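Kindly produce the complete structure, drawing on both the sequences and the hints.
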Amino acid sequence: MSQQQKTTPPAWPKHFFEWYCGPEIAEDLTGDMDELFYQNVKTKGRFKARFAYWLQALSLIFSYAVRKRKRFYKDKYGSDTYHSVAMYKSYAKIAFRSLAKQKTFSIINIICLSVGMSVGLLALAAFVDVMEVDKFQVNADRIYRVTSTVDDGSNIRTYATSPAPLAEKLRSDVAGIEAVAEVNRDFNPEIVQSANTSLPLQGYYVSENFFSVFSFPLAEGNAEHALDKPFSIVITQSAARKLFRYNQVVGKTLEVKGLGVFEITGVVADYPRSHFYFEALASYSTLAVLEHQRRIEPSLEDWEPVSPHYTYALFSPGTSSEQLMPTLEKIKTTAYDKDAKQKVNFELQPLADIPMSDLYREVGLSWGYVPLVIFFSLALLVLLPACFNYANIAIARALKRAKEIGLRKVSGGQSRHIFFQMVMETIILSVISLAGAMLLFHAIRSQFIGMVVNQERVFSLEVTPLTFCAFLVFGIITGFVAGVLPASYFARLNPIQTLRNSSQSGKLSKISIRKGLIVTQFALSLVFILGVAIILKQYSYALHYDVGFKKENILDIPLKGVDQKILQTELSKLPEVGTVSLSSSVPGNWEGSAAWVRSSAETDSMQVFQMFVDQHYIDNLQIKMLAGEGFPPDASAREAYVIVNETFLKKFDISTPYDALGRTFIVDDEKTLQVIGVVKDFNFMPLQEAIGSFFFRCDPAQFAFANVSLTSDDIQQSLARVESVWNKLSDQKFEARFLDDELEAALVSFRSMIKIFGFLGALAITISCLGLLAVVISAAESRTREMGIRKVFGATASNLAFALSSGFLKLIALAVAIATPLTWFLFDKVFLSIFYYRANIGFAEIAISIVLLFVLVIAIIGSQTVKVGRINPVETLKYE
Amino acid sequence: MLFLARNALSRTTAYKNLLFVMKSRNKCTSFAYQHLNMKGYIGEFEELVMLTVAVLGDDAYGVSIKEELESRAGRSISIGALHSTIARLEEKGFLSSYLGGATQERGGRRKRYFQLTHAGKSSLHDIKNLRDDLWKKSKANLALDL
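Chains A and B, in that order, are what the protein sequence lines are. Following the working numbering, the numbering of the first sequence begins with 2 at its first residue and continues without gaps. Following the working numbering, the numbering of the second sequence begins with 2 at its first residue and continues without gaps.
Keep in mind that a hint or two might mislead.
Said to hold, decoys possible - Dumping the calculated DMTMM-like pairs for lysine to aspartate or glutamate here, alpha-carbon to alpha-carbon at most 20 Å: (1) A:K879 to A:E743; (2) A:K15 to B:E106; (3) A:K625 to A:D660; (4) A:K45 to B:E68; (5) A:K45 to B:E71; (6) A:K253 to A:E264; (7) A:K49 to B:E71; (8) A:K43 to B:E68; (9) A:K45 to B:E69; (10) A:K43 to B:E69; (11) A:K49 to B:E68; (12) A:K45 to B:E106; (13) A:K136 to A:E363; (14) A:K43 to B:E71; (15) A:K344 to A:D153; (16) A:K43 to B:E106.
Claimed, not checked - Incomplete in silico selection of chain B near chain A, CB under 7 Å: (17) G63; (18) V64; (19) R76; (20) S79; (21) I80; (22) G81; (23) H84; (24) S85; (25) R107; (26) R110; (27) K112.
Unchecked claim - Covered by chain A, according to a simulated footprint, are these stretches of chain B (three or more residues, beta-carbon under 8 Å): (28) 87-93; (29) 100-106.
These are computed hints drawn from the structure, not numbers from a lab. In this text the structure is predicted, and so the values were computed from the model without any measurement. All residues carry an ideal CB built from backbone N, CA and C; glycine is no exception.
Written out as structure tokens, the structure is:
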């Protein structure tokens, strides 16, 4: 026996040859080869015989004989039946018939796939939108932006900005650059329309070559010279419509609050999506004039990279960014002190990379790479269960189709034909579902755009022909993915067994796959439910967290250059106003500064966050003092003092607050300041960050906000009064926000996360519940007779319900057992770890989520089992 | 996936015979064969194969033809080349084939037997007559001096 086994022809070339030729062609040829092989084994030995076999197989594969035979069979039998139109038609017809025949299941499948695909469509449309950004720029491949990477010792951050003087340096020092365009994002003009009304616009100061570097089409005006002179302004068509309600506006003038009168020199036609977003462009030369008039903060000569300036370079054709790096390096070394604490590095970023990059201080719009990946994986998380569902249902219903498959096989259908038919059926179903998904997509589109803060200009999520094609491809791929598993199952069915009506054989192993699918789906649903619960808890925790200062009824008003003293006294006169204090920044939503502090000349400096406040501030915000006192009323003495927090004490190894009083510290190597008081730690930073060492200083020049504490309950009236005071003192717009609103706004990402998670969770749960429903229906259907017999033997309705549902409940319990630790890990270690101050995941959230899931599941299973339990056994046993 | 790959493979090999493929895609394949037949030439190896089929009578199938030819002509023949030639001869209408019964020694696979058609026989006659004619008309002495 073993002797004989050894002398079989090599399997690999044999199978390959049979596969390549197809059985009808290969029969006599493989026969010939085998015969020769056995002869060769006798005469030449096994090894040579095998070698000869390989050669024979190869020589036949490349021979004219096989080629001709293949052609012949193709002509005669249409060989691959899937290439014949008639078969396509037949498959489509059968597909529609079987969809119509099993209406419940078709509807369940269509709903599941629609729901599953809708998020995918959203992700796809968003992706297409991001990809389309700046595609209209003619010079797109030659435009680079200079970005600055700043290493300040503790953080390394890449900013989209660059220092303003860099542009001039690039022009004069660097070869290979055709043009350098400068953009400053601080142009937010308020156009005065009449005495009381003004229209705010958003825009940039741009250099005169802006329109030659970027391809924004001008509807009116001369693109080359529109921005030559100071106080020239180019507005967009939509802005022109808003301002004038007609076109032909070139030559008109616009009065901008606080800046002066601008002359309109051009109108930009409404442009496609770009990473710039502007309604008005002012000439760059205006900036110098305004700086000279001291109307804006000077920054043109400053080499500070974190600025409102952006530098774009248009390369000459053939220049690469690597060629320019050495010169940039040289500029950097001449501009910055080598020993400075802050290290700056310039890099060149291609225009095409901008929409996908996620830099600090972006000029307009960008959407990072990471959110897109997260978005796509979430979409997949919803889509995959829907595909599983389909597979699950299709296999569960296999018995209904088995006869058809068997008959097809007997009358000459091969497994690949069956496979193709089943995949095609799924694709038809998924394309039908695509229509449903697109309806859903339209419904959730605006919701989604609202969820992603400030991104409405990146995403239009319009269905263009391009996105439609992407959708269609997506639908077909989804159909394929969903259909592969059941199709290959059907393709492998044995026709004899199916026709004997006993296709149970392969069923057992399939059941375990189905169980796996159910468990996965419900585990996923539970992850979403738990996720929502955990995020909700963290949200309310953050909202109610005792930050250590008063946040209710505190109104923060940006000073905008108004005389502090007068404003303070005027506001204090109002009956609704309690205290008015002044500060350099707003706590909780940190945009303050830091200083380097050492205790004596010998020791190393440490970074300390600082805030400049007046003597009323600490009382006003009810920050608790631990020792010492607030700033003295004497204005000139105040600047020599600091008030530190507890963490500061720890950092500098001071054991009790009283020890700190009177100590002196060297701040930024220039001033020596004395500790006058110690405050309890409070969260001056958002809750993501641990409280750092911090001190209050006093410097009226740094004040940027007036903090007004309101005592009246009538918020509207108080606000109106405060505004009227403001309007007397300043011609700038009154802006004020309540401190608690501002803190809540910092949590806005939370709310959108809750929405997104809740929404995805709802989708995932819908899909898994529908899937479970389908499986329960088909299980109940296939067990009706069993239930009838049980009933005849005296089982009660609840016995039957238990018999039917216990299996499913076990599966759900398994899902819970898998998902709970997983979610706990995911959220505790990954998501919540970005919060330094966070709510712990409690038993309550987990218990509530699990109970919720079980209630859902029991409702679904119950709906079917009760139905089965009610059926009169006479009817079920009569069946067949 | 596999079937797509296979079709692609066969398509590349068929590419060289594009013209022929296009013709044979016509329903009227026999027309294409006739067209080829008009050339009517038979190569030396084709002639040998036809004669071997004649020698073997009812037992002419792939392996037997190969062995018979190898032993008589004393040269080794690749099975691919042999079947290609047979395929061409079938196309020209000189050979016909049928499948025999299942055989034990070939793992139950059937043999494809070949036999000469009338056209085949007449073309063998043609070529033999041509040769004989040429032999007869030869002015040089073809006899070997032994």
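Going down the list of hints, with the structure as the test:
A C-alpha spacing of about 71 Å is found between K879 of chain A and E743 of chain A, which places the hinted pair above 20 Å, so the restraint is violated. Distance restraint check for K15 of chain A and E106 of chain B: the Cα-Cα separation of roughly 16 Å lies within the 20 Å cut-off, and the hinted pair is therefore satisfied. Of the supplied pair hints, the one linking K625 of chain A and D660 of chain A holds, its CA atoms being roughly 18 Å apart against a limit of 20 Å. Distance check on the hinted pair: K45 of chain A and E68 of chain B sit about 15 Å apart at the alpha-carbon level, within 20 Å; holds.
Restraint check for K45 of chain A and E71 of chain B: satisfied, since their Cα atoms lie roughly 16 Å apart, inside the 20 Å limit. Proximity of K253 of chain A to E264 of chain A is assessed by CA-CA distance (about 6 Å); at most 20 Å being required, the pair is judged to hold. Under the criterion of a C-alpha separation no larger than 20 Å, the hint pairing K49 of chain A with E71 of chain B is consistent with the structure, at around 18 Å. With a C-alpha separation of about 15 Å, the suggested pairing of K43 of chain A with E68 of chain B holds against the 20 Å cut-off.
With a C-alpha separation of about 19 Å, the suggested pairing of K45 of chain A with E69 of chain B holds against the 20 Å cut-off. With a C-alpha separation of about 18 Å, the suggested pairing of K43 of chain A with E69 of chain B holds against the 20 Å cut-off. For the given pair, K49 of chain A sits about 18 Å from E68 of chain B by alpha-carbon distance, which is consistent with the 20 Å threshold. A C-alpha spacing of about 19 Å is found between K45 of chain A and E106 of chain B, which places the hinted pair at or below 20 Å, so the restraint holds.
Taking the CA atoms of K136 of chain A and E363 of chain A, the gap is about 19 Å. The hint holds against a cut of 20 Å. For the given pair, K43 of chain A sits about 18 Å from E71 of chain B by alpha-carbon distance, which is consistent with the 20 Å threshold. About 6 Å separates the Cα atoms of K344 of chain A and D153 of chain A, which keeps this hinted pair within 20 Å; it holds. Restraint check for K43 of chain A and E106 of chain B: satisfied, since their Cα atoms lie roughly 14 Å apart, inside the 20 Å limit.
Checking G63 of chain B against chain A by beta carbon gives a least distance of about 4 Å; that is within 7 Å, so the hint holds. Interface restraint check: V64 of chain B against chain A, minimum CB-CB distance 5 Å, threshold 7 Å, status holds. For R76 of chain B, the interface hint is violated, since its Cβ never comes within 7 Å of a Cβ in chain A; the closest pair sits about 15 Å apart. With a least beta-carbon distance of about 5 Å to chain A, the hint placing S79 of chain B at the interface is held under the 7 Å criterion.
Because the beta carbon of I80 of chain B sits about 5 Å from the nearest beta carbon in chain A, less than 7 Å, this interface hint is met. Nearest Cβ of chain A to the Cβ of G81 of chain B: about 3 Å, under the 7 Å cut. The hint holds. At its closest, the beta carbon of H84 of chain B sits 3 Å from a beta carbon of chain A; the interface hint therefore holds under the 7 Å criterion. Taken as an interface hint, S85 of chain B checks out: its beta carbon lies about 4 Å from the nearest beta carbon of chain A, inside 7 Å.
The interface hint given for R107 of chain B is met, as the beta carbon of that residue sits about 4 Å from the closest beta carbon of chain A, less than 7 Å. Annotation: R110 of chain B was flagged as interfacial toward chain A, and the flag holds, the nearest CB pair being 4 Å apart, inside 7 Å. Evaluation of the K112 of chain B hint against chain A yields a held restraint, the C-beta minimum of about 6 Å falling below 7 Å. With 4 residues having a beta carbon nearer than 8 Å to a beta carbon of chain A, the segment 87-93 of chain B meets the requirement of three or more and the stated coverage holds.
Counting residues of the segment 100-106 of chain B whose C-beta lies closer than 8 Å to any C-beta of chain A gives 3; at least three are required, and the coverage claim holds.
Hints 1, 19 from the list above are not met by this structure, while the remaining hints are.
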